[in-house]
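Trainee: So you can see what is in the structure, the chains are spelled out below.
Protein chains: 2
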Amino acid sequence: MSLTIGVDVGGTKIAAGVVDDGGSIIEMMKRPTPAANAAGTIEVISESVRELLGRYDVEAVGIGAAGFVDESRSAVAFAPNLSWRHEAVARKVEERVGRPVVVENDGNAAAWAESRMGAGRGHEHMLLITVGTGIGAGFVLNGALYRGRWGHAAEPGHVRVVPDGRLCGCGNRGCWEQYASGNALVAEAREFARRSPGAAVRLLQLAGGTPEGITGPDVTTAAREGDAAALRCFEIVGQWLGQGLADLAAVLDPGCFVLGGGVSESGDLLLNPARDAFASALTGRNYRPHAPIVLAELGADAGLIGASDLARKR
Amino acid sequence: MSLTIGVDVGGTKIAAGVVDDGGSIIEMMKRPTPAANAAGTIEVISESVRELLGRYDVEAVGIGAAGFVDESRSAVAFAPNLSWRHEAVARKVEERVGRPVVVENDGNAAAWAESRMGAGRGHEHMLLITVGTGIGAGFVLNGALYRGRWGHAAEPGHVRVVPDGRLCGCGNRGCWEQYASGNALVAEAREFARRSPGAAVRLLQLAGGTPEGITGPDVTTAAREGDAAALRCFEIVGQWLGQGLADLAAVLDPGCFVLGGGVSESGDLLLNPARDAFASALTGRNYRPHAPIVLAELGADAGLIGASDLARKR
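These protein sequence lines are chains Z and X, in that order. If you read the first sequence in the working numbering, its first letter stands for residue 151, the second for the next number, and so on. If you read the second sequence in the working numbering, its first letter stands for residue 151, the second for the next number, and so on.
Nothing false has been slipped in among the hints.
Treat identical chains as interchangeable: a pair holds within one or across any two.
Listed next, the in silico SDA-like pairs over lysine to any residue satisfying Cα-Cα at most 25 Å (straight line):
1. Lys463 to Asn292
2. Lys242 to Pro439
3. Lys163 to Gly434
4. Lys242 to Tyr437
5. Lys180 to Thr283
6. Lys242 to Arg438
Calculated from the structure, these hints are not laboratory results.
Construct the entire structure; sequences and hints are all you get.
Mentor: Shown next as structure tokens:
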């Protein structure tokens, strides 16, 4: 049995796990990310890996990171939530742990995992869209991860969907992730509570009385109870999501969309309006099959599992 | 020397040509398309091919058609400007000409030609965008045509770029081709002439005096003379074009964009504002290389040449 280590490097925590060739996690550990410290982030990754290497015979290490990974899969050019700028992550970790290291964008790593062992099994062309704080993604085309010329493909969260729209963290305006993400869901709910507090009683109650206190889980809780205001927020965000999936279908015609990320855990609350909007918005919808939109199966560990498998197939 | 026949089936004419393995057209003929007659279109294609077969030793036939070609590359599911609906084009033409036939979307066929013998040579990942009446496209990813699960990929002209925007022939609103095409250029110029006739004197003069008379070539002529109104129209359409290319780069990160189609013949008039808008709109623009945006090299015959080459490599 071949073991590899997968590492998921996020803005708040670093998760490292030993994974077998069936995608099962044998042991996992988590540490806080010293996000403001580029060298410190390398050290925490390396320490975690070394600790696991002390207990397991591991052949290689795969690192999934939220950022622009270059086409050689060794350096991170830019990571908005970390302090890495043109950081030679693979080489530095290799020096510290003595095993081959590959680096992959975290959305790509998760897409690979879902396509091999999760909800995208059996699809030659599948797009993973992770709906969390923002929108992440990874594309499997013709059975392989598609990275683009410089490794920067699969960032549909930064496609402009509204001219002069909401300001995005990337510096542009109107990006899809400002309309179809967890942040968008919360923004809708807060705005609703500000404008129609009388209709947002349950949301405000859950949030401790102020619109600013409303969180994503509050909106999900209220929506599950049948609260009309919360359901409306899911409907709005789901419509933006489905419209964007229809736009991606016009470009890539995938066989399947897999939805992951925190917001997708709300299940049908998001899926139903997204599926409706997709079916209404797909160009040529009467003359073509409609790709299924399904929920991810591997949860928050998809990136770690995918990175470990990419290390095995390096 | 291996010869194949390429056929380009458009809404107004059918062009058929004998092409050698270097992409040179040896003989070409054109006939009007009986667009309202599905069977008649098959007959005109077959007659043209048979006539060429009488003079040349040809191994196979490639047909490029403006429409949704299925994944088996044999049938056209839907062609908005022809009367084909689920038409078994390859089988019917094969029966009539006695040679193997492959069918390809015309944008795909042109992209293949530009990537092998035209402006996209040497790029593993290149996107052809044809700016004509509408927007056509073809994607070469990892050195091969990308068709998607059902053969319907590469229709970025029907990505929504403006919510509740201009009505599109596909039935949706706000599609990119309503803002970044030849039709959009003419619509801008006519609107300009209606609202500010005093500033559109040259355009109106070229058009015989009425805004409705303004054509695409009129706008190009006036812009080449330095007319401010016409230049402004190119600037607006070029900005929409460049923004859309930046959005495609967020999704596909190609190594090169090739612009074809009638409007691209205006050269820098369109290219300069498109390049400026692309450089301003590309997400992560300070941390990544910018793909070059270049003009197509094979002109109106790209689809025919590409179809002939795809028949050779069937």
